[in-house]
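**Q** Protein sequence lines, in the order shown, are assigned to chains A and B. My numbering puts the first residue of the first sequence at 1, with every later residue one more than the last. My numbering puts the first residue of the second sequence at 1, with every later residue one more than the last.
Check before you lean on any hint, since a few could be wrong.
For identical chains, the list gives no copy identity; a pair is met inside one copy or between any two copies.
Simulated crosslink set (DSS-like; lysine-lysine; CA at most 30 Å straight-line) [to be verified]: (1) K316 <-> K243; (2) K406 <-> K239; (3) K20 <-> K292; (4) K239 <-> K214; (5) K178 <-> K382; (6) K268 <-> K127; (7) K127 <-> K20; (8) K214 <-> K316; (9) K283 <-> K234; (10) K234 <-> K214; (11) K406 <-> K186; (12) K268 <-> K214.
To be clear, the hints were calculated from the coordinates, so they are not data collected in a lab.
Number of protein chains: 2
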Amino acid sequence: MEGRKLLLIVLDGLGDRPIKDLGNKTPLQLAAKSNLDWLASNGACGILDPIAPGVCPGSDTSHLSLLGYDPFQVYTGRGPFEAAGAGIAVKGGDVAFRCNFATVDRDMRVLDRRAGRIKQGTVELAKSLDGLEIEGVRILFKAGTEHRAALVLRGPGLSADVSDTDPHEEGSNILECKAIQPGAEKTARIINEFSRIAHDTLRQHSVNREREEKGVVPANAVLIRGGGIFPHLKSIEEKHNMKSAVVAGVALIKGICGSVGMEVLEVKGATGGLDTDMMAKAKAAMDAFVDKDFVLINVKAADICGHDGRPMDKVKVVERADQMLGYIRDHMTESLVLAVTSDHSTPCAVRNHTGDPVPMLIFGEGVRVDDVQTFDEIACAKGGLGRLRGIDLLPLMLDLAGRNVKFGA
Amino acid sequence: MEGRKLLLIVLDGLGDRPIKDLGNKTPLQLAAKSNLDWLASNGACGILDPIAPGVCPGSDTSHLSLLGYDPFQVYTGRGPFEAAGAGIAVKGGDVAFRCNFATVDRDMRVLDRRAGRIKQGTVELAKSLDGLEIEGVRILFKAGTEHRAALVLRGPGLSADVSDTDPHEEGSNILECKAIQPGAEKTARIINEFSRIAHDTLRQHSVNREREEKGVVPANAVLIRGGGIFPHLKSIEEKHNMKSAVVAGVALIKGICGSVGMEVLEVKGATGGLDTDMMAKAKAAMDAFVDKDFVLINVKAADICGHDGRPMDKVKVVERADQMLGYIRDHMTESLVLAVTSDHSTPCAVRNHTGDPVPMLIFGEGVRVDDVQTFDEIACAKGGLGRLRGIDLLPLMLDLAGRNVKFGA
Numbered sequence: 001m002e003g004r005k006l007l008l009i010v011l012d013g014l015g016d017r018p019i020k021d022l023g024n025k026t027p028l029q030l031a032a033k034s035n036l037d038w039l040a041s042n043g044a045c046g047i048l049d050p051i052a053p054g055v056c057p058g059s060d061t062s063h064l065s066l067l068g069y070d071p072f073q074v075y076t077g078r079g080p081f082e083a084a085g086a087g088i089a090v091k092g093g094d095v096a097f098r099c100n101f102a103t104v105d106r107d108m109r110v111l112d113r114r115a116g117r118i119k120q121g122t123v124e125l126a127k128s129l130d131g132l133e134i135e136g137v138r139i140l141f142k143a144g145t146e147h148r149a150a151l152v153l154r155g156p157g158l159s160a161d162v163s164d165t166d167p168h169e170e171g172s173n174i175l176e177c178k179a180i181q182p183g184a185e186k187t188a189r190i191i192n193e194f195s196r197i198a199h200d201t202l203r204q205h206s207v208n209r210e211r212e213e214k215g216v217v218p219a220n221a222v223l224i225r226g227g228g229i230f231p232h233l234k235s236i237e238e239k240h241n242m243k244s245a246v247v248a249g250v251a252l253i254k255g256i257c258g259s260v261g262m263e264v265l266e267v268k269g270a271t272g273g274l275d276t277d278m279m280a281k282a283k284a285a286m287d288a289f290v291d292k293d294f295v296l297i298n299v300k301a302a303d304i305c306g307h308d309g310r311p312m313d314k315v316k317v318v319e320r321a322d323q324m325l326g327y328i329r330d331h332m333t334e335s336l337v338l339a340v341t342s343d344h345s346t347p348c349a350v351r352n353h354t355g356d357p358v359p360m361l362i363f364g365e366g367v368r369v370d371d372v373q374t375f376d377e378i379a380c381a382k383g384g385l386g387r388l389r390g391i392d393l394l395p396l397m398l399d400l401a402g403r404n405v406k407f408g409a
Numbered sequence: 001m002e003g004r005k006l007l008l009i010v011l012d013g014l015g016d017r018p019i020k021d022l023g024n025k026t027p028l029q030l031a032a033k034s035n036l037d038w039l040a041s042n043g044a045c046g047i048l049d050p051i052a053p054g055v056c057p058g059s060d061t062s063h064l065s066l067l068g069y070d071p072f073q074v075y076t077g078r079g080p081f082e083a084a085g086a087g088i089a090v091k092g093g094d095v096a097f098r099c100n101f102a103t104v105d106r107d108m109r110v111l112d113r114r115a116g117r118i119k120q121g122t123v124e125l126a127k128s129l130d131g132l133e134i135e136g137v138r139i140l141f142k143a144g145t146e147h148r149a150a151l152v153l154r155g156p157g158l159s160a161d162v163s164d165t166d167p168h169e170e171g172s173n174i175l176e177c178k179a180i181q182p183g184a185e186k187t188a189r190i191i192n193e194f195s196r197i198a199h200d201t202l203r204q205h206s207v208n209r210e211r212e213e214k215g216v217v218p219a220n221a222v223l224i225r226g227g228g229i230f231p232h233l234k235s236i237e238e239k240h241n242m243k244s245a246v247v248a249g250v251a252l253i254k255g256i257c258g259s260v261g262m263e264v265l266e267v268k269g270a271t272g273g274l275d276t277d278m279m280a281k282a283k284a285a286m287d288a289f290v291d292k293d294f295v296l297i298n299v300k301a302a303d304i305c306g307h308d309g310r311p312m313d314k315v316k317v318v319e320r321a322d323q324m325l326g327y328i329r330d331h332m333t334e335s336l337v338l339a340v341t342s343d344h345s346t347p348c349a350v351r352n353h354t355g356d357p358v359p360m361l362i363f364g365e366g367v368r369v370d371d372v373q374t375f376d377e378i379a380c381a382k383g384g385l386g387r388l389r390g391i392d393l394l395p396l397m398l399d400l401a402g403r404n405v406k407f408g409a
């Protein structure tokens, strides 16, 4: 029998806490959301600890969990996953670093660790360093948001056991990269050589000449820190024999999903911001089922409202997401296994991620329907799925979809 | 204080999914089951993932879990546990293989991997090979269902790192067994010698002469595959200081329970089929408490209905199981700790095991009674025990029975 198809919708940062000024309701409880409530009424609900109870998840670690990878085993640090998020197609064994564009003087003393929080021109600056080769090792270098960038080394004989070049304080010189463990000497040499080339190249770059003409500090150096080896991850297709794709606006999510072999669908209007075109994302996802078995949609907007502390905007985001679910209801086949949940709570009162569990629902033929009528943090806690962990969700969907493998006889 | 006694009733394959044609009810919801409902009303309920959420259990792995053994740690493959299931009293360190009776020509070329799906005479054929000794290693060989058989090697210097003799396709010769890892040479030699003896013995066996007279292909060879070492399992008695017994109709369950030191009670009329005498099983179990502390009853019938896709038969099986529970209610002492659950779901619509959780109830003095009134998949999800894993159940029963050991001071 061919397995059924899976759609996982992650409403990023959706979970919240009761807000006093709103009658002790969460934004999700306040929103008009007839489609989400219909799915909850006709599906099975529960609450999900994206990583584990009380653990405050990043979007990277929680998406790894939701995709069935234990972050405690595979998450080797922010460097490797930020590189994926910056759009570098990282591979197992790559050594990755987090970088800043910075301003240094002639003696390589750091004047500004963030190059005046440079916002424009970093893509061009990064391009001038991307694709170098040093000692047979390929250098991948891409700009991130604002002054941030990612550096990846790919080739033989590399190690992540090297020290930072970032002095972590202004007024100090860029540090020499050193091997922390035997066998890392080659990597340290490459980092130092890259650091030197970066300064030579960037200080002459037209972007910096223009900045200096305007009286703005140049981004004439790269500070390097937090090296880590990207883990060897079995792809979703290898693990579960499913062709898969992701629809997301945010680079980090695209990067994580890409690194486990999901096709990253580029959707016009999917910005990762409040202005994102959710209907376009839903359409792209449903269209992808022509040749995909598993699609993940990430909608970032609720998280942004949480970080900004704007609960009424979060209510509006939920209502727009509900319309997106309406499109999916109208276009899904009977055999689809649909799950709606979140990667973490971002309570408006906290303005950051918290470890609060998130609501989840699973809808589709064969689900043991419970009596939960609304999709929110409080109602779902009484649902038939109980309280699960992020890493349990995909196995549950696979089992319902008839795509599991029996353990034993 | 002497600990209280424990009775664990496993209604095999009991869990199901809502069935459209039956008003979106499960067979368990439809059945008249006053005893199960009374126990649920006066006990504590919950749902149980026999292994882990979404993991589809075999009956072997799930019974290991229910008996407190982590299958991810101790399950070394189907060979060892099928050997136990075939009725061989396997011990830790035994090397076990799955086998087929097959038909070969004079050049040892495989003509039929299943010897015409032979059904009768395999017990006699197996007896002619059971009990051999080769290089100081004892050979245990028993027939399983139809063409299947199990081979166990017991003795010094053995290894499971040897290749199969089964070519896995007809028209090819029986393969020579080879050591895959250093140190496995002796085992490979024994397998090859056994393979040769098996052919010499079986081709002259009266069962095969009669088959040939009837124009049926002979079972004149044994194909060997899937070697594994049986794990060293601490017995229930060593772990928990309880004398224990099992009442089951199916060889696999008897084998698993026997391998952890439970006495296997032979009960007349306990067939492992739909015709099994459940009242005889209940009586045997209750009688066993004369000298046992822990008894497990497995009733296979619901699983058979699930595999066959016959929901109304499953309803009837539940109703008969309920009468069995009536006998237990009438004959149990006040101090008994009773649990009723299942080893996995076998939904009639799927006709196979799934990872859906199963309902559970615990009854006995001291239980925190919740407000669940009926014993079914949906109602129990609201119970006071929440959602647990198979491996958690025995510790819970032991604790209630006053048989646990404090962890700490």
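**Q** Please go over all the hints and tell whether each is borne out by the structure.
**A** Verification of the hints:
no. : hint          : result
1   : K316 <-> K243 : neither (33 Å within a copy, 42 Å between copies)
2   : K406 <-> K239 : both (14 Å within a copy, 28 Å between copies)
3   : K20 <-> K292  : between (44 Å within a copy, 28 Å between copies)
4   : K239 <-> K214 : neither (54 Å within a copy, 49 Å between copies)
5   : K178 <-> K382 : neither (54 Å within a copy, 57 Å between copies)
6   : K268 <-> K127 : within (24 Å within a copy, 72 Å between copies)
7   : K127 <-> K20  : neither (49 Å within a copy, 59 Å between copies)
8   : K214 <-> K316 : neither (41 Å within a copy, 79 Å between copies)
9   : K283 <-> K234 : within (28 Å within a copy, 51 Å between copies)
10  : K234 <-> K214 : neither (49 Å within a copy, 53 Å between copies)
11  : K406 <-> K186 : neither (46 Å within a copy, 33 Å between copies)
12  : K268 <-> K214 : neither (34 Å within a copy, 73 Å between copies)
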